[in-house]
Structure formats: structure tokens, C-alpha cells
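Colleague: Anchor point for the sequence shown: position 26 equals 26 in UniProt numbering, and the numbering is continuous, going up by one each time.
In short, the hints are calculated from the structure, not lab data.
All values reported here derive from a predicted model rather than from experimental measurement.
Mixed in with the good hints there might be a few duds.
Stated by the list, open to error - Computed beta-carbon distance windows for the label pairs:
#, residue 1, residue 2, range
1, 219, 85, 35 to 41 Å
2, 186, 37, 46 to 52 Å
3, 246, 199, 44 to 50 Å
4, 88, 174, 48 to 54 Å
Every residue gets a Cβ at the ideal spot worked out from N, C-alpha and C, and that includes glycine.
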Amino acid sequence: MWHFHLMDAGARRQRRRNGSGGPREGGHCMTLLDAIRSGPMRPAQIRIVLICVLLAMIDGYEVVAVPFSMPAIARIWALPNAQVGYLLSAGIFGMAIGAIAISPLADRIGRRRHILLCLSLITLTMAASGFARSFWQLVAIRAVAGVFIGAMISSLNIIVSEYASDRRRGLVMGLYGVGLPLGSALAGFAIAPLLEAYGWHAPFFFGAALTGVMALVVLTMLPESIDFLVQRRPEGALEAYNRIAERMGHPTAAVCRHAPATPKWRSVPGCAQSFPATSWRAPSCSGWAMRC
1 MWHFHLMDAG ARRQRRRNGS GGPREGGHCM TLLDAIRSGP MRPAQIRIVL ICVLLAMIDG
61 YEVVAVPFSM PAIARIWALP NAQVGYLLSA GIFGMAIGAI AISPLADRIG RRRHILLCLS
121 LITLTMAASG FARSFWQLVA IRAVAGVFIG AMISSLNIIV SEYASDRRRG LVMGLYGVGL
181 PLGSALAGFA IAPLLEAYGW HAPFFFGAAL TGVMALVVLT MLPESIDFLV QRRPEGALEA
241 YNRIAERMGH PTAAVCRHAP ATPKWRSVPG CAQSFPATSW RAPSCSGWAM RC
């Protein structure tokens with residue numbers, strides 16, 4: 001059975017000087033989440049929060065793309081008031097469905113993959129909205145887009161909260177909460193000239209481009225949820241955990257081997273919490289190994 005925990009550089013040097021015995025008393029070890037929560041907001045954490053705020057702003061744009069474009073759509077298709085209401089409600093209804101039905105998928109595939117999946121499908125549905133050729137086509141597409149907009153919000157909430165320090169969590173969550181309404185407010189400044197110059201299709205194509213760019217940003221810069229890596233232990237979780245730790249400027253995870261009879265959730269003495277991974281083998285572990 002393998003357990004993973006953080007050891008600072010001083011404790012590791014002490015380990016090297018003292019051979020392969022158990023952890024020396026007073027050696028410091030803690031989980032990465034503990035280190036993030038108890039420490040200051042580091043540049044990598046601020047960058048993660050900023051990415052999530054931008055994603056929330058994109059959500060805000062997509063929520064109001066139809067209402068701001070509605071006068072032009074209603075005029076071209078000669079829509080009665082009832083159909084205008086259907087179109088305005090489709091995306092909101094989809095958001096409710098997505099929050100309930102699609103959000104739990106993140107617990108199985110990971111927050112980062114879930115966000116990427118939602119962004120990819122939002123990009124496709126935004127582009128498809130611009131190509132819609134009938135009222136009911138647009139209603140259906142906007143409902144599907146709403147599903148993934150609503151589903152993504154829950155994963156963003158968790159990522160922001162997880163990478164915020166305890167001291168700054170209230171401020172960070174408040175700033176993140178501004179993202180969606182700010183995106184909706186700024187959308188008007190972008191949509192109005194697009195409608196005037198290119199017609200009602202343009203705001204949707206513009207939204208698809210913005211979402212696609214943010215998908216690339218998430219792919220290259222947004223890390224996985226640490227809690228997901230610890231609790232679910234997907235393939236390559238330790239390596240991902242260590243990459244996050246290095247990016248944050250924290251010590252990487254170490255591996256501690258126990259006897260088979262050791263309870264699954266036994267913590268290493270002196271550690272706030274261990275990183276359990278019962279299915280991993282020693283060769284796959286990139287951290288410092290020691291025999292307990």
C-alpha cells in the first residue's frame with residue numbers, strides 16, 4: 001500500500017543524510033491542499049483564478065448573446081412574442097438541466113477535462129447558432145448550448161475555491177462572482193457593432209471564437225483539481241500532482257510504503273493528511289521513496 005505526502009527540502013536533505021529509516025521527528029510534511037490553503041496567494045494561483053474569471057465572463061457573454069440579438073432575429077424571421085419568449089428561455093432552461101445532469105460528470109472525469117468538454121461543445125453550439133436557418137433550429141441549439149454553460153459553472157466554482165488561500169478565499173470568490181455579470185455587461189459593447197455591421201449571425205460566431213481561444217488557454221494553463229487527483233487517483237495522478245506542486249512553488253509529493261495490513265487511510269506520522277494510492281507501483285512514482 002502506498003501513501004504520498006509532501007516533504008520540504010530540508011526534510012529531504014535530512015533523509016539523505018540519515019539513510020532509509022522512518023521520517024525523523026520534526027520533519028515537516030503536509031498535503032498540497034494544506035500548503036495552498038495556509039500560504040499566501042502565489043502567482044500561479046492568481047493565474048488560475050484569472051482564467052476562471054475570464055471563463056465566467058465568456059459564460060456571461062453567451063447568456064446574453066440571444067437577448068441582445070433578439071430584435072434583429074425577430075425582425076428578420078417575423079417572430080411573434082410567444083416565439084421570442086421560447087427562444088429567450090431555451091438557453092436558461094438548458095443551463096438548469098446542465099447544472100443538474102451534466103455537472104456530476106466532473107466527479108468521474110476530472111474538473112479540467114469537464115471544463116474542456118464543456119468549452120468544446122459550447123464553441124460548437126455557438127458556431128451552429130450562427131448557421132441556424134429556422135427558428136426551431138435556433139431554439140434547439142441554444143438549449144443545448146445552455147446545458148454545457150450551466151454544467152461548466154460548477155467545475156469553475158470548485159477550481160477557484162480549491163486554489164484560493166484561506167486568507168483570501170472570500171475576496172477571490174467575490175472577484176470570481178463578478179465574472180459572469182461583467183461579461184454580460186461588456187457583451188453589449190461588442191454585440192451592438194457586430195449586429196450593425198454583419199447582422200445577427202456575427203455575435204454567435206464571435207462568441208464561438210472567444211470560447212475556442214479560452215479552450216486553448218485551459219488546455220495549456222489550467223491544472224486539474226487537486227482533490228480529484230487525491231480522491232479518484234486516475235492514471236498519472238502522482239505526476240500531475242507533482243507538476244502542480246512545482247508550478248505552485250511547493251515541494252513535490254513523496255511515497256511512503258507500508259505493510260499490507262496497514263489500514264487504507266493511515267497517515268504518515270506528522271502529516272496532516274496522506275495521499276493514498278493503493279493501486280500504484282513503485283516504479284511509476286516520481287516522488288521521494290522511503291520505507292516506513
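Colleague: A separate judgement is required for each hint: does it hold in the structure or not?
Modeller: Hint check results:
A hinted range of 35 to 41 Å holds for the C-beta pair residue 219 and residue 85, which are about 37 Å apart. One distance hint, 46 to 52 Å for the beta-carbon pair residue 186 and residue 37, is violated here, with the actual separation near 32 Å. In this structure, residue 246 and residue 199 meet the distance hint of 44 to 50 Å, their C-beta atoms being roughly 49 Å apart. At about 29 Å, the beta-carbon gap between residue 88 and residue 174 misses the expected band of 48 to 54 Å.
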